[in-house]
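*Asks:* Could you put the whole structure together from the sequences, leaning on the hints where they help?
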Amino acid sequence: MPITDWPMDERPREKLLRRGPGSLSDAELLAIFLRTGVSGQTAVDLARSLLLDFGGLRQLLAADQQRFCRARGLGLAKYAQLQAVLEMSRRYLGEQLTAADSLNSPEQTQDYLQVRLRHYPYEVFSCLFLDNRHRVIGYEELFRGTIDGASVHPREVVKRALEQNAAALIFAHNHPSGAPRSA
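Take the sequence shown: its position 13, counting from 1, is numbered 63 in the working numbering, and each next residue is one higher.
Errors might be hidden in some of the hints.
[To be verified] Okay, the calculated beta carbon distance ranges per label pair:
id, residue 1, residue 2, range
1, 154, 56, 41 to 47 Å
2, 205, 70, 58 to 64 Å
3, 165, 126, 41 to 47 Å
4, 155, 64, 37 to 43 Å
5, 79, 203, 37 to 43 Å
6, 70, 217, 39 to 45 Å
7, 71, 160, 21 to 27 Å
8, 126, 197, 24 to 30 Å
It is worth saying that the hints were derived from the structure and are not from the lab. For glycine and all other residues, C-beta sits at the position ideal for the given N, C-alpha and C.
*Replies:* Following this line, the structure appears as structure tokens:
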């Protein structure tokens, strides 16, 4: 049955507008992004199928272009749209942190850095540059490596810190293997 035949309260878009995005399942959120289904499947059915095929929302969002575009109902246009949404989210979170008075807790810093670094399939070494009140001056991904390591050049790190006039630094790197703990 097409979504247009569903009761208004069960349609993903209307549900989001009435109850907020937190009331939707991953499949319903993805269905809104997809906008249409494929032959024999509504957008919600397609979304459920994709979430099963990829192993969940995180894996779908982290899929590379080739893997993403192989899936039924997806292609380059959807991949480009998704990458744009992900980048807007990262920038939004980056602006939130930059606009903050200071970094008040390790958890706040970790949450920010996880969002910035979790999507890379290779190791990235990054740095938060802080002023003397621990307010964020900037964030930079300084070095990229392979799946299990990145070479870090201290001279370049010091050079960037001096250029930023940073009083303090926070270094971070990701775990492409998916290990969630900080190092």
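*Asks:* Now look at each hint and say whether the structure bears it out.
*Replies:* Comparing the hints with the structure gives:
1. 154 <-> 56: 41 to 47 Å: 45 Å, holds
2. 205 <-> 70: 58 to 64 Å: Distance hint for residue 205, residue 70 is violated at roughly 49 Å.
3. 165 <-> 126: 41 to 47 Å: 25 Å, violated
4. 155 <-> 64: 37 to 43 Å: Cβ of residue 155 to Cβ of residue 64: about 38 Å, so the range 37 to 43 Å holds.
5. 79 <-> 203: 37 to 43 Å: Since residue 79 and residue 203 have Cβ atoms about 41 Å apart, the given range 37 to 43 Å holds.
6. 70 <-> 217: 39 to 45 Å: The hinted range 39 to 45 Å holds for residue 70 and residue 217, with Cβ atoms some 40 Å apart.
7. 71 <-> 160: 21 to 27 Å: Check passed, 24 Å falls within 21 to 27 Å.
8. 126 <-> 197: 24 to 30 Å: Given about 25 Å between the Cβ atoms, the range holds.
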